[in-house]
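Number of protein chains: 2
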Amino acid sequence: MNHVIHLKRRPKGKPQLEDFEFVEEQKPKPKDGEILLKTKYVSVDPYLRGRMRDQESYIPPFELNEPIESGIIAEVVASNNDHFKEGDFINGMLKWKEFQISMGNGLNKVDPDKVSLSAYLGILGLTGLTAYISLDKIGNLKEGETLLVSGASGAVGSTVGQIGKIKGCHVVGIAGTDEKLKLMKEKFGFDKGINYKTTDDMKKAIGDACPNGVDVYFDNVGGEILDAAMDNINKNGRVINCGAISLYNETDVPTGPRYEGIMVRKTVLMQGFLVRDHATEFGPATKQLEQWLNVGKLTYEETIVEGFKNIPQAFLNLFEGKNKGKMVVKI
Amino acid sequence: MNHVIHLKRRPKGKPQLEDFEFVEEQKPKPKDGEILLKTKYVSVDPYLRGRMRDQESYIPPFELNEPIESGIIAEVVASNNDHFKEGDFINGMLKWKEFQISMGNGLNKVDPDKVSLSAYLGILGLTGLTAYISLDKIGNLKEGETLLVSGASGAVGSTVGQIGKIKGCHVVGIAGTDEKLKLMKEKFGFDKGINYKTTDDMKKAIGDACPNGVDVYFDNVGGEILDAAMDNINKNGRVINCGAISLYNETDVPTGPRYEGIMVRKTVLMQGFLVRDHATEFGPATKQLEQWLNVGKLTYEETIVEGFKNIPQAFLNLFEGKNKGKMVVKI
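Chains as they are written, first to last, in the UniProt record's numbering: chain A, 1 to 331; chain B, 1 to 331.
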């Protein structure tokens, strides 16, 4: 039998285990032109929360009683397709199934000898590309500028901070535990860290950690931390809206202070970013990330949860900040 | 005697006549290298409210018990400076005085035979330049797109709308009286108008007037109208934060719905704009505006108040929406 995870009901507020359902189906057999894939690593990401909501967005919402999909590394275990052979590993947007059939469309082969397979879901996957391309397109970092990052020990945030250091910036990260702060500074080379959970006055804390103000704020969280960043933004500052995890589980319309005044006075640029819009740049961006990885300018952290049955819980843990770096489930 | 208008106290909330003081001084006499200027037209603008506040901003705040300054057209009535002769008209940032002395720095000669003198404070002054340069730098209008403008019958807004029509856009304006809506459509060629004072559901009204959504929102007002525009913004929409007049007189921190979610989902670009940052583009931009003016593609409206003593009241009237087009005081 083949195990599959369905979205059973749309989460209200914070997702719960009961929003998911484990279903069994016959293990599929590849027909002509098809390949049989065995799931090895599953990426769980905050943006999946958005697809569980029945709303217009950049990708269609998940259907109820259908499998959820996310970034997955799988092994080709049977092939009737000339482009893939048994033993190949591929990366693609696939379903939360132990085994599945594909025609190969949208799948990219990955090399397990170059880096660990899970890295293709992180630093060399959409998370690394998000960091690199958004800083390139919107951040426009200049040497000596100050880069502030929220969700800084996470998959995207830790890469953003390291690229900031490569570019010669003063890099300050915000995270929710002292352990994460230590990781940021010792492993990823951030200059300063702020623990938002033990800090009362975030506006002041950011001001203290960024004595020259904030030139670029890379935002993964939204909400009050964004407010405090805006209170410290410099003239011609840039804000990259990459995510807003602090709001994803809100059931009411979240409110906060208005930014219009600051936007005008400081001529701030604020721009939302979705890595999927930049597929044409994935090639050169991946090459740059690989090169930095090879020469040791870039490193990464993963939180690996084991077992197909633990995928939903790993996803829920994202909203508790239980991951350090990329959260991946190993099957 | 020479009459001068001082800032007497910093306005709390909405400015009042009592915030200003009329002072008399000796009429000045030009020394060597100096010119004597007689004020002809005074520009009153919403942004001056910001300079009355004691806060860090893009220009220093006005000092208490010192003259206010704004864009002024003046006549050279005496000259000890080779670059200016009696009878010249100039445009510059000058003090609210009937007569004043200058060395000529920062003054530009204007030609009263080309267009009416007051136009140099409006369509050929900072307001016209604001419209043209911000649309060029941030708006990036494409033929067939939808442009939404607030403060649409005002000096900047009416120029923005007309440039939108020149670029082949569907142009919708928001204003506060039916008379202004009529002006927008009949004189400035807007496709649709929305009276925000008589409309309960601005989100729906904008949706109805912009059936293909909003590609570019040019915001002069901020607040709830910005919220309603964001509710209708398209993927890759651009928001130009040019002003936030609805908030200028707020004494508490204004709050509203958070935009982070929309910014990410729709990959919106939002950017504050101050025309002073773009002085190097004033030359070519003015040429383009003059050319459009000459061939009748661009027109303008002015509200001219008469009399030096009425400058403060004309400024206050801006916050009541009493102007159509550029508000100017003729001395």
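Calculated directly from the structure, the hints in this document are not laboratory data.
Some hints here could point you the wrong way.
Said to hold, decoys possible - A few chain A residues that don't get close to chain B, going by computed Cβ distances all over 12 Å:
#1 V221
#2 E224
#3 E250
#4 D252
#5 R258
#6 Q288
As the list claims (entries may be wrong) - What follows is a list of derived Cβ distance ranges for each label pair:
#7 B:G207 to A:G307: 43 to 51 Å
#8 A:P284 to B:I101: 57 to 65 Å
#9 A:E143 to B:K8: 27 to 35 Å
Heads up, the beta-carbon is just placed ideally off N, CA and C, and yes, glycines get one too.
Notebook entry, point to check: Any Cβ of chain B at or closer than 12 Å to A:R258, or is the non-interface label fine?
Noted result: Violated: least Cβ distance 4 Å, not greater than 12 Å.
Notebook entry, point to check: Since A:Q288 was said not to touch the interface, does its Cβ keep a gap of more than 12 Å from each Cβ of chain B?
Noted result: holds (22 Å)
Item checked: A:E250 remote from chain B - nearest C-beta pair above 12 Å -> violated (9 Å)
Check: Holds or violated: is the Cβ of A:E224 farther than 12 Å from all Cβ atoms of chain B?
Finding: Incorrect as stated: the minimum Cβ-Cβ distance to chain B is 10 Å, not above 12 Å.
Checklist line | Pairwise beta carbon distance, A:E143 to B:K8, judged against the given window 27 to 35 Å | finding: violated (47 Å)
Note to self: If I take the minimum Cβ distance from A:V221 to any residue of chain B, is it greater than 12 Å?
What the structure shows: With a cut-off of 12 Å, A:V221 comes too close to chain B, as the shortest Cβ separation is near 9 Å.
Item checked: B:G207 paired with A:G307, Cβ distance criterion 43 to 51 Å -> holds (47 Å)
Check: When you look at the beta carbon of A:D252, is every beta carbon of chain B farther off than 12 Å?
Finding: violated (10 Å)
Check: Between A:P284 and B:I101, does the beta-carbon spacing fit 57 to 65 Å?
Finding: Holds: the Cβ-Cβ distance is about 60 Å, inside 57 to 65 Å.
The structure fails hints 1, 2, 3, 4, 5, 9 (numbered hints given earlier, in ascending order).
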